[in-house]
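K.L.:
Below, each chain spelled out in residue letters.
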Amino acid sequence: MSTAEQPVVERASIEVDVACVGFGPAMGGFLTTLSRRLMNEDGTPTIESKVLPGMPLQVICYERADDISFGVSGVVTRARGIRASFKDLDISEIPMAAPVTSEKLVYLLDPIGASRRSFAIRTVDRLLRSVAKLPHHAYELPYVPPFLHKDDGFVLSIGQFNQWVGSQLMSGGNVQIWPGMPVSEALIEDRKVSGIRLVDQGVDREGNPEAGFTPGMDIHAALTVIGDGPVGAISRDIDSKLGMPPDHNVSDWAVGMKFVIELRPDVDLPAGKVLHTFGFPEPEIFGFMYIHPGGVASVGIFVPSWFNCPTRTAYRYLQHFIQHPYLWRYLEGGKLRSWGAKSLQESGKHGEPYLVGEGYARIGECSGSTNVLTGSGVDEAWTTGVQLAEAVIDLSKSNQRFTKENLAAYEQRRRSSWVESEARVAEKARDGFHGGIVSGFAGMMLAAFTKGKFSLGKPPKTPNENLQSATEFYRSKLNPQELAAILQEAETKGTSLHDTLMDRSGWPQILHDGSLLVSHQDVLLMGGKVQAPPGFADHVIFRDTGVCGQCGTKLCVEMCSAQAITRSLESAPNFDREKCVFCGACAWNCPETSNGKPNLQFVAGAGGLHSAEN
Amino acid sequence: MSNQFHVVVCASVVPDPLQTLEPITGSTGPALKNELMLPAILDPWASHALFEGANLVKKVPGSKLWLVSMAPKAKLQQVMMTVAQKVPLQLVALDGPSGGFVDSHQTAAALAKAVAGIPDLDRSRLLLFGGWESASRSAGVTLQLVGEQLGIADQFQGVDSIKVNDDGSFEVLERVEGARHQVSVCIAPPAVLGWATGSLGEPRNDPQVGMQNMRTIMPSLQKAIAAPISPDGLQYSNVATPKQQRETVIVKDKPTDEIAREIVQWITQE
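Chains A and B are the protein sequences, given in the same order.
Numbering of the first sequence is given in the numbering used here, commencing with residue 27 and proceeding in unit increments.
Numbering of the second sequence is given in the numbering used here, commencing with residue 2 and proceeding in unit increments.
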């Protein structure tokens, strides 16, 4: 049916008091705190709805994913904010959760000789090997810096935690949470946010109406709460339309990718064991292993945007990481239960947007709450949600409107809390990494021990400014002719480069065992397959395909966590929604621009991973 | 109107089949590994029944639709977040087990009691819908038993279509051997219809439907009827997974003939 033949379908709208975007730890904190204070014991509302007089505040939350448990995170958290919300928390009620029982910081040497190590790092490696026995090519540091400590905290699965929080909220019945419902944009007029618009349904891949077309509903609200994570469509929409504070921008990112692995029966690692690693598979890549109850481990890596590799796929690196002898002695023979990836907004305060505006407030990772020094985001996100809820309750009880001025009560709470004081210490802690690994670690220690008074490095570069060409990056491993031939072959065949380049630069091929080491395509089917419901438009859009044709790096292809973006013999890459896990890395990796914006547009979309264990 | 229907859909909750499901022997018998941690969905077979029921109610003014579902309350809450966005319904919630190895007779008794207890239900207009098969409770036994306990004699299993006639009778297409349908005409309710796949796709999520449903779903969940099912007296003599196991692979643009050949080869492996 052509567009001209389509019957006109009116856009529906409803009014609520509070519209929320995204359900994660920040929204969990917000809704948990708010929902407990909406009703009196006698069943009368403490705060009366403006849209349904006589009823309690009408609060509705829309989550993009098909279930609120489909999040991804490697979580070890001190859980200060979470415990303050659940004073009698019995952690065993939350599946896969355990108190931290031990914590180690481990430097992983390169047992293969394939990673790119600077002269300084090679010197450290030689020194370590000469003075210490390192049977597993790893050095356990005798000391974990206090800023990294989580020894009073918990190991969690973010999926199970979100599911547990959601069930508490649902059983209370005071707020509504709707998964499987992406939000396409904020309703903004005269710099005031008056609600949100849900995505259109019944459309083709390009968003053109098809049979059953239903325009996304407008949800008008006095307050819009945005907690849509690091690459949320609404956060970026608001930043684009209302701007960022002066000198603030999000320049540092990372892709976090993890496996959930069922350990073989003879591996007796205690639940709550926490390992932080660095040094392998590349010096720029940090890693972790957390042990859950029942012989299950979360193992993952963070590939930062300041890693200048132009073929920075995380999947292949993660497979090498788990095979490091220090970890492989535990993981060999294990079974992959689940897999996932996400972007991390690692700019912290430097990337903090306006926390409040007319009719809206930002919480969680989309508000720059992740602390890159302590490596902690869930507890910070939760706490910002609690702080906003407390402000909203106060404002509602005193019958004040949700203006920018009034919502500053949330900002004040946040500024006077540990979230802010620790964020200030962390503000420049990672700037040194833009000058190299050694200066990066030195900068972190300096910032931590001087409480943020001193740091190393300059203001961070954008991901694209850090990027080297394949020729530069691999010049010590591959000669120019060999590299040119590989590039030519990729162009001709429409394949990605990273596997070939890693194979040819000394990384051993991955020997698939069908259980733990599986192909990048097969992992999409492990423990919660990727879904792409029909009737929704593609959420990865190439604005100007001509620009894509001239792109030299095809970075969107090379870094895609799920091989959902692939090279095409046409000008623009192919995008396969059925493989996308919504890690959002393409949103910040595109090196090309069109009309001043990244040429790759990552918008609201439906589907993604169906795993509740990540 | 004389041909209004009171459609009651019995639907269980099952683990999302997209998960890796691993059978184990638990303390009370066969179970799935980590079942409580897995995300859940409404049984796909019963979902078809729900969508067909909602479609019927929409077409026949004055009709009503109830969803009777038994599962651990927390799971039911989780599933309702999605189901409630699909079609207008009234929920009757039973807080009980939802595993695939629960005694069908006890389950049916609990469901029949809940159906019989629905206020405003006119049993002379009752169409009891459910899944012909079930992803958790096997070959339609439970639905058949519910019907029997409610004293409903007209039962149809493997239903693909219901067509209402002007006189209030309805024509039912049931699947029979040989990829054919048996056509029956039922003069009037009550009747049991165990649905196969029907012909309707899954409705899109509709925020308005969700909000409308929540007004009745939340109170129902909060007042969920306790339905303890005792494992006493049950013996599981044999539980086995299908011998033919197929590893899922993603392959695009494969010729249909080749897909058919592979499937035939797989089915005839044994």
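The hints are simulated quantities; they were obtained by calculation from the structure and are not laboratory data.
Hints may contain errors.
Stated by the list, open to error - Keeping only pairs whose Cα atoms sit at most 30 Å apart, straight-line, the calculated DSSO-like set for lysine-lysine is: (1) B:Lys-34 with A:Lys-76; (2) A:Lys-605 with B:Lys-34; (3) A:Lys-361 with B:Lys-34; (4) A:Lys-555 with B:Lys-34; (5) B:Lys-224 with A:Lys-113.
If you're wondering where the values come from, they're calculated on a predicted model, not measured in any experiment.
K.L.:
Against each hint, give a clear statement of whether it holds in the structure.
P.N.:
Going down the list of hints, with the structure as the test:
1. B:Lys-34 with A:Lys-76: At roughly 47 Å apart (the allowed maximum being 30 Å), A:Lys-76 and B:Lys-34 break the hint.
2. A:Lys-605 with B:Lys-34: Since the Cα atoms of A:Lys-605 and B:Lys-34 sit roughly 26 Å apart, the hinted pair holds (cutoff 30 Å).
3. A:Lys-361 with B:Lys-34: holds (14 Å)
4. A:Lys-555 with B:Lys-34: OK: A:Lys-555 and B:Lys-34 at ~17 Å, within 30 Å.
5. B:Lys-224 with A:Lys-113: holds (26 Å)
In this structure, the one hint that does not hold is number 1.
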